[in-house]
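Asker: Here is what each chain is made of, one letter per residue.
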Amino acid sequence: DVKVTQSSRYLVKRTGEKVFLECVQDMDHENMFWYRQDPGLGLRLIYFSYDVKMKEKGDIPEGYSVSREKKERFSLILESASTNQTSMYLCASRLTGAPRPTNYGYTFGSGTRLTVV
Amino acid sequence: AQSVTQPDIHITVSEGASLELRCNYSYGATPYLFWYVQSPGQGLQLLLKYFSGDTLVQGIKGFEAEFKRSQSSFNLRKPSVHWSDAAEYFCAVRGGSYIPTFGRGTSLIVHP
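Chains W and Y, in that order, give the protein sequences. Residue 10 in our numbering sits at position 10 of the first sequence; the count goes up by one each step and never skips. Basically our numbering = 1-based index in the second sequence + 1000.
You may find that some hints are simply not true.
Stated by the list, open to error - Computed cross-link-like contacts, DSSO-like style, restricted to lysine-lysine with a CA-CA straight-line distance of at most 30 Å:
#1 K1061(Y) to K3(W)
#2 K1049(Y) to K3(W)
#3 K55(W) to K1049(Y)
Said to hold, decoys possible - One side of the interface only, derived from the structure: several residues of chain Y facing chain W at Cβ under 7 Å:
#4 P1040
#5 Q1042
#6 G1059
#7 W1083
#8 R1104
#9 I1109
#10 P1112
Just so you know, these hints were derived from the structure itself, not from any lab. C-beta: ideal position from N, C-alpha, C; glycine also.
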């Protein structure tokens, strides 16, 4: 089974801190995604990456950046954490190029619940 | 543009009762449709997906969903709910882009 691992389940950070959320997948997936999940708002796409060193803004990129230096790792960076970035962050990956319909579902990590105080 | 609506924020059922969670989508052609489940404190797990062919799709954990083009719907069903089914359920639609759009989720509460 594909595994998507998010390094922390819970994080508490102070306002203004630089925060790194790490995501690693072990099945050579090309596409990786960062979502935030808030009650009543569902999942909102922050950034995604087609492949190594490639990144694209999602629906709510403000206040975030990403890094994809290696295929298996996709990092979400909060340059200066603010209280409105308190949320659950979900990483996902997807394989391209596999025979349909294998490549049409995402595999999600367990999430990182970030609290900014 | 694609969009998806889950009209029910919460659904409460008794254990053993049948379940139907609603999902309506908007997209000009036939989309790809997904249902995911999220147990408390966990990530999302794919329950089932529809791409083409048979409009009744079977998934894991005894769930099924039916694609109805005329109603732009993809409702999730289960004939008999178990207490362990209590979770958040998300419908997602994927159109021309390979990036899906997720609904806001429906929280399922199961009473003993």
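Asker: Each hint should be assessed against the structure and marked as holding or not.
Answerer: Cross-check of the supplied hints:
For the given pair, K1061(Y) sits about 20 Å from K3(W) by alpha-carbon distance, which is consistent with the 30 Å threshold. The suggested pairing of K1049(Y) with K3(W) holds, with an alpha-carbon distance near 20 Å, which does not exceed 30 Å. Between the alpha carbons of K55(W) and K1049(Y) the distance comes to roughly 26 Å, so the proposed pair stays at or under 30 Å and holds. Hint on P1040(Y) is violated. Least Cβ distance to chain W is approximately 11 Å, over the 7 Å limit.
Of the supplied interface hints, the one on Q1042(Y) holds, with its beta-carbon coming within about 5 Å of a beta-carbon of chain W, less than 7 Å. For G1059(Y), the interface hint is violated, the least distance from its beta-carbon to any beta-carbon of chain W being 11 Å, above 7 Å. Because the smallest distance between the Cβ of W1083(Y) and any Cβ of chain W comes to about 22 Å, over 7 Å, the interface hint for this residue is violated. Checking R1104(Y) against chain W: minimum C-beta separation of about 4 Å stays under 7 Å; hint holds.
Annotation: interface hint on I1109(Y) violated; nearest CB of chain W at approximately 15 Å, more than 7 Å. At about 25 Å, the closest approach between the beta carbon of P1112(Y) and any beta carbon in chain W exceeds 7 Å, and the interface hint on this residue is violated.
Checked against the numbered hints above, the structure breaks hints 4, 6, 7, 9 and 10 and satisfies the rest.
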